[in-house]
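Guided by the hints, dock chains G and D onto chain W, whose structure is given.
Read off the chains here:
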Amino acid sequence: MRIIITNSSNEPIYEQIIKQIKTMIIRGELKEGQVLPSIRGLAKDLQVSVITTKRAYDELEKEGFIYVVPGKGSYVAAQNREEIREQKLRIVEDKLSEIVTLSKMLGISYEDVIDILKILFEEE
Amino acid sequence: MLELIKMDFKLNLYRRKDFFKNLMVYSLIFFTLLLMQGVNPVTLQYPIIFVMETSFRSRVREDIVGELTLIQSLPVKRREYVISKYLVVFIKHIILVFFLYLILNIIKPLGLTIDYTGVNIKKIIVFWILSYAIIIPLMFLFLGSGRNFIHVFLPIFIPVGFLIAEEFRGSIYYLVNYLGSLESLIIILVVIALSIWVSLFLYTDRDLA
Amino acid sequence: MDYVLEVEGLSKKFDDFQLKDISFKLKPGYIMGFIGANGSGKTTTIKLIMNLLRRDAGKVKIFGKDNIGFEKEIKDRIGFVYDDLYFYDDLTIWEMKDIIAPFYSRWDDKVFNNYLDEFGLPGYKKIKDLSKGMKMKFSLSLALSHHADFIIMDEPTAGLDPIVRREVLDILYDIIQDENKSIFFSTHITTDLEKIADYITFIDKGRMVFSKALDEIYDNYKLIKGDRGLLEKLNREEFIGFRVHNIGFEALAGVEVVNSLGTTDEIVVEQPSLEDIMYFYTKGKKYAGTN
Chain W
413 MRIIITNSSN
423 EPIYEQIIKQ
433 IKTMIIRGEL
443 KEGQVLPSIR
453 GLAKDLQVSV
463 ITTKRAYDEL
473 EKEGFIYVVP
483 GKGSYVAAQN
493 REEIREQKLR
503 IVEDKLSEIV
513 TLSKMLGISY
523 EDVIDILKIL
533 FEEE
Chain G
40 MLELIKMDFK
50 LNLYRRKDFF
60 KNLMVYSLIF
70 FTLLLMQGVN
80 PVTLQYPIIF
90 VMETSFRSRV
100 REDIVGELTL
110 IQSLPVKRRE
120 YVISKYLVVF
130 IKHIILVFFL
140 YLILNIIKPL
150 GLTIDYTGVN
160 IKKIIVFWIL
170 SYAIIIPLMF
180 LFLGSGRNFI
190 HVFLPIFIPV
200 GFLIAEEFRG
210 SIYYLVNYLG
220 SLESLIIILV
230 VIALSIWVSL
240 FLYTDRDLA
Chain D
674 MDYVLEVEGL
684 SKKFDDFQLK
694 DISFKLKPGY
704 IMGFIGANGS
714 GKTTTIKLIM
724 NLLRRDAGKV
734 KIFGKDNIGF
744 EKEIKDRIGF
754 VYDDLYFYDD
764 LTIWEMKDII
774 APFYSRWDDK
784 VFNNYLDEFG
794 LPGYKKIKDL
804 SKGMKMKFSL
814 SLALSHHADF
824 IIMDEPTAGL
834 DPIVRREVLD
844 ILYDIIQDEN
854 KSIFFSTHIT
864 TDLEKIADYI
874 TFIDKGRMVF
884 SKALDEIYDN
894 YKLIKGDRGL
904 LEKLNREEFI
914 GFRVHNIGFE
924 ALAGVEVVNS
934 LGTTDEIVVE
944 QPSLEDIMYF
954 YTKGKKYAGT
964 N
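Chains as they are written, first to last, in the working numbering: chain W, 413 to 536; chain G, 40 to 248; chain D, 674 to 964.
Okay, chain W solo, but in the shape it has when bound (with noise of 0.2 Å):
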C-alpha cells in the first residue's frame, strides 16, 4: 500500500489520507477485509501525528471505506458495488469536465475531441 503526503500543498494532511486511501479502494488496489497499516504505524511511517491517521481512519469509517475492530486493526469494508461504480463514475467525469473546458478555452470542437478519444481508447 502506498500513500504518499506531502506538506506543500495546502490540503489537509488527514484529508490526503482520505483521498488516497479511497482511491486504492475503488480501484481495487485494496480488496474487502484487506488489514489496513495500524493507526500508531502509518503516523510512524509518514512521520505524521497520531491524531492525524485517526482523523482519516475515523472519517473513512463514517463514510463505510472501512471499519475499526478496537484491539485489532482496521479493516477495508465491503463495498457497495453501486455505489463505487457511482464513485469511478464520477472520478472520471470530473476529468473529463477538466477537458471539455479546456477545450472551449483553447477552441476545440466536440469532433476533435471525440477523434482523440477514440485513439486514446484504442491505443490501450
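Don't read these hints as lab results, they were simulated from the structure.
Zero decoy hints are in this set.
Covered, in the sense of this in silico footprint (three residues per stretch, anywhere, with C-beta under 8 Å from a C-beta of chain W), are these stretches of chain D:
hint, segment
1, 841-852
2, 868-874
3, 882-888
Every residue gets a Cβ at the ideal spot worked out from N, C-alpha and C, and that includes glycine.
Chains G and D only, in chain W's frame:
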C-alpha cells in the same frame, strides 16, 4: 531508602582510588595530631570531617544541584534522602572508628604512645553525636541551594565552634557525667530527633535551583 | 485514567521571572510537544512537574495522582531525560546504571543492554568520555529501561547533530506505537515536533499561549502574505502578529479572519509552520521586521 544508602557506598566503591587516598591522608593527619596533642576536641573532629566529606560529596568540582536533580527525579522522597544521610553518616563513622582503632593497635608496638589521660569514651561519643546533630542540618541549610563552597568549610568550622562553646559551658560535662541514666539518654535522642526534624524542614520544600 | 498529565493553574514566582497559571492536559498514548522561546519557562514547568521546584499554586497530577503526595510511586513509572542531565562523570556506563537501576521496581536489564547495543554504547566507557549525542542516548537508555509509562524530556535534542536528532525521534516513534505510553517533551526545535507531536503546548514569558492538537493548529491558523499597500487596508488588530518588510508583509491570523478577507489575487494564504506560529505569537502586534 536502602537504595540511597547502597548508592552512597557504591559511589565510594567506584571511586575507591580517591576514597583510599583521602582515607590515608586523613588518617595520617589524625594520628599526627593525636600523637602531638593527645585526645582533645580538635583531634576528635577529624573523623567527622572525613565522614562528612565522603557522605556529602563535597568535592568542589562537583555540581551538587545537578546531582540532586538526578537523585530527586528518581523515585526518592525528600524525606528518604535526609534520613539516609543520617544513617550513612552513622554507619560510616562507626566503621571509621573501628578502622582507626585497628591502626592504633598496629602502631602501638612501634612505641608511639598516645596520652590517654582524662579520656572519657562517653564524652567522646556525646561530642560526636552533638557535632553531627549540628553540622548535618547546617549542610542541609545550603544543600541544593547552589552555594556549594560551604560544604568544604563547614565540617571544619562547626566542630571548632562547638568546642569553643563547650569551653564556656559545663552543660556537656554535666550531661556526660550522668550518661547512662535515662534522662541524659532521652536528651541525646531528643537532640538527634531535633536535628533530623530541622534537616527535614530545610530540605523537604527546597527548590533545587 | 483520563489523563496521564494534568497541570492546572500552575504558578511559581522567582525574583526575575514568574510562571503564571499554566494549565494543560495530556491523554495517555499521545505525544505532547512543549514549545517556547528560551527563558519562557519550559524547564521551570518541567521541574515543577517533577517536584524539583515547589509550586506556589496550582495542581499537578500524573496518572491521576497528585505529584507530591504520590511522588515515589509516580516517579517509578516515569522516565526522564534532561538536556544537561548530571551523571557521575568519572563512573562508567555500567557503574552509573548499577547505581540507578535499583531505584526502579520494574528495571529491565535486558532492555537496557539492547539499547546499549542499538546505540553502540560501550558499557565500560566512562561517562566523561562520551560525546553529547552518546550521553543523550545513554540518558534515553536509562529512561526507557524500567517500563516507564510516561516519558518526560527537557530539550532532549538540543545540541545534537541532525542525524542523532532523527535517531532520537525514531526512538520516540517506536515508543508511541504502544498506546499505553505517553511522551511529553520540551524543545525549541519546532521542526522535530511537526513530524511527531499530537499536541502542542505553547508557553511564552511564563504564560500559556495555547494547548491544542497539532491538527487543530494547522486547521485554524493561516499565514497571509501581501504587499504593504494591502496591509494599510486591513485591520491589523485582527492579526495575531505581523511582520513588515521592504516589499511586503506577512501576518498570522485565525482562519475565520482569513476567510472574512475573501479571495483576491492580492493575498497569498499559506500554511504556517510551528516556527511561524511561535514567532508571530511571541513578537505580537509589532513591526517585527525591518520597517
